[in-house]
Amino acid sequence: MLFNSQIFIFIFLPLVLAGWYILNHFKKYNIALAFLVGMSLWFYGYFNPSYLLIILSSIAVNYLISFLIKKFEKTKKLWFILGLLFNIGILGYYKYFDFMVGNINAVFKTDFALKHILLPLGISFFTLQQISYITDRYWGSAEHYNILYYMAYVAYFPQLIAGPIVLHNEIIPQFMDMEKRRFNSESFADGIVLFVLGLGKKMLLADTFALFVNEGFNKIVWIDTPSAWLVSACYAVELYFDFSGYCDMACGIAKMFNFDLPINFKSPLKTYSVNEYWSRWHITLTRFFTTYIYNPITMSAIRHGKKTKKLFRNITPMIIFLISGIWHGASWTFVIWGLAEGLGTVWSQRKKFKLKKAWYTWLANMLFVVITSAIFRSENWDNMVRMLKAMFVPKFGTMTVELCLPFANVPEFYAIIRAVEVLCPQFINWIYIILLALLWLIAVLILRGRNAQEILQHQKEKGLNMKFTLLLSAIFIWCIISLNQVSTFLYFNF
Amino acid sequence: MKISMEKKFIKRFTICSLVMALVCIGIVVLFDPFFHYHDAVKPLKHVLEERDYQVAGTLDHFDYNAVILGNSVAENDNNAWYDEAFDVTAIKAVKAAGSNSDLMFYLDRAYETHELDKVFYNIKIDMLKYDTNDNFAGQDYYYLINNNPFDDAEYLLNKDVLLKKIPIMLAYSFVLDYDEGESYSWYRTKEYSVNAVTSRYEPLEYINEARPLDENQDFLDANIKLIVDRVSAHPETEFYIFIPPSSAVWWDNEYREGRVEQNLYQYEQFCDSLLDYDNVHIFAFFADESMTYDLSAYMDSVHFKPDFNKYMVDCMVNGDYLVTKENVKDYSQMTYEFIYKFSNELILEYYPNAVVNAE
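Those sequence lines, one after another, are chains Z and B.
All letters in the first sequence, in the order written, are residues 1 to 494 by this note's numbering.
All letters in the second sequence, in the order written, are residues 495 to 853 by this note's numbering.
Incorrect hints may have been included.
To be verified - Label-pair restraints from in silico Cβ distances:
#1 B/505 - Z/42: 28 to 38 Å
#2 B/706 - Z/88: 53 to 63 Å
#3 Z/438 - B/669: 19 to 29 Å
#4 B/524 - Z/438: 25 to 35 Å
#5 B/669 - Z/396: 36 to 46 Å
#6 B/524 - Z/427: 28 to 38 Å
What the hints assert, rightly or not - List of simulated lysine to aspartate or glutamate pairs, DMTMM-like, C-alpha gap at most 25 Å:
#7 B/501 - Z/186
#8 B/505 - Z/207
#9 B/505 - Z/260
#10 B/623 - B/703
#11 B/501 - Z/260
#12 B/501 - Z/179
#13 B/684 - Z/421
#14 B/502 - Z/454
#15 B/823 - B/699
#16 B/502 - Z/260
#17 B/501 - Z/177
#18 Z/467 - B/500
#19 B/612 - B/676
#20 B/539 - Z/421
#21 B/505 - Z/186
#22 B/505 - Z/454
#23 Z/460 - B/500
I should point out that these hints are in silico values taken from the structure, not numbers from a laboratory.
Every residue, glycine too, gets a C-beta built ideally from N, C-alpha and C.
All chains should be built: construct the whole structure from the sequences, respecting the hints.
Right, dumping it as structure tokens:
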């Protein structure tokens, strides 16, 4: 189920909130938690119930590992390694099997069959979350929880599909705190604000930018240099609005339950270096890699002496971003993307390379973001090469207007475009360019302003006044009407 | 008791959102571009551009006494041709790639609210072998077809309806020219030429044996029954059932697949069952050699210029190509002969390497 769907907004969310608060009101705390888990599983299995088996098996095995670590303290390393292998194995099978087989076939000229396995929703997220838990169990910094609490930790629906990657000690204590089970109007109001702002970012901005980006990548063979830069820049913005919008919605929904999820984005497009960017983009993923990979490697390096420490300071980010790249997707483009981000991070971490916070360092950083976004978005190696070549080998044309043509189907633009087509068709190309510029203007104003969390704080200080309420309601209803559209049936495929 | 800022916000947000939603709903109900609730409010015109979303509403709420049933080839009909020729008020009930059962569903819908003097049914010859289940459930627009008021939210709170369909309805009603008779037509943007047809068709490299005539007998009987049931239930309605032409390349494909005799057999069975009824008039336009051979009038193997649509109306008025019990087989024979000639001789003009029957 998606947050931006009618069934979620009008049926699932009201139902789960009502059930949760009613059961807790009557002090049926365990039943309330079981209800939350059950509803979360419905949320997860909505599109494909068979995936429930995967998440339930994953929960069961990790919980068993946690139990074995508790029961057989002396052999806890063995259980931990087995747990790690299980998690990496399940992710490897579902996410990387075809990628590996494809590479083996390419290198050894073999003909092993691909399985075309569909990636279960959210598997990358709940697997990392459970790796963090069993690692903490192995380190002795986590207790073995009651099964219901553990299931709620993994399956809690706001963070289940696309993060943020929550640690057990962030959410389970909140589940255990019965004071938090009461309806809290302050938290609920915060939740509404974050949810609506996130919904708006996703549906009104990201989805509109996506039209231009998708058209650009569909026509990548003919793309010219200005269009290639524009498409990549649009993708960087689309990805930010899409992912941060989703995370705002997740935090907002959790707030409606009076729970807090960790913040995942802090205006990363305002940063001046790659290093700073990664400290503010997908923060919980960076935290995972820092806590569970970077720190252990660094500690090990420290134990091995000063020289090794220096060497590892440079190599570790490369390893982490390589893993991060592969985690994002099974393709060589993600490997290249990871290497590029790793190099960028190592470079911007150098002591000699202290960047000034000036417009040109911001611009340089954004150019890096745009280039890496082009790599990240490319579906395969050939397209990545095409896009980078178009960006760096000058080629000029009028492709940009052509890539704007899908705007003709955007309801908000429809009347303007049809009117110009009829009244002054000679200006139609200009209208498309003006609409793209308008979209960018809106995006820049939003990106330069406060982020969702800051808007919430600011508006609370101002008393959540009527003007803000009206604006928020308008965004909400605008998103609601955007959920329904008319499909024009292109029966004649010509 | 002092209400907290947050409680006040939640209350205000809920009220504001409800009011805004109600405003959107009110606008959609008032203009109702899919005519789901009522006929067009005067002076708005009947702007019909979204066939699947609008047919059910127009059947329920428009004022008419004749329907034009058919699939994509009927969409370029102009209602006014029928109105003038047969002194009726006709509207279209069309569905692209629609089956006989889909169209019978629309016909039943029309009978639920209207008395019909005439039904003009443009039925392609191969439609008689399709499945007889209608195909509406599960479609994106099903909320406009069913009687469930709760799923109307998809229509009432719909950005495309508010920002595209209503403005276009207003523009065509007050600013732009709009011919209400040309509902759902698409011919203006298409290219009709020999090249358009031949670029979309490649003859198979084999010629199959003729397939068994009764291969689809169950579907054929079921489809005939669907029509016979309506014809017999409504003796007050005159049914003009006409089988439109298809291009010679469409028939060529049928010939190479061994299905020509089967199609003609289906037509004969169909006529045998329906010609027993006085209120049925069947016209066999597929047997018109000139329309079949004129590839320049097609945009692909089946879709022809509106000139053919008009020509068929004129023929029906004059009684040309009218099928009777006596001449049923004559049309089959004529058709078979000119198809055979095309697929074994004339086709070489367009496809010099096409496989032909040496005999």
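Can you list which hints this structure breaks, lowest number first? Numbers 8, 15, in rising order.
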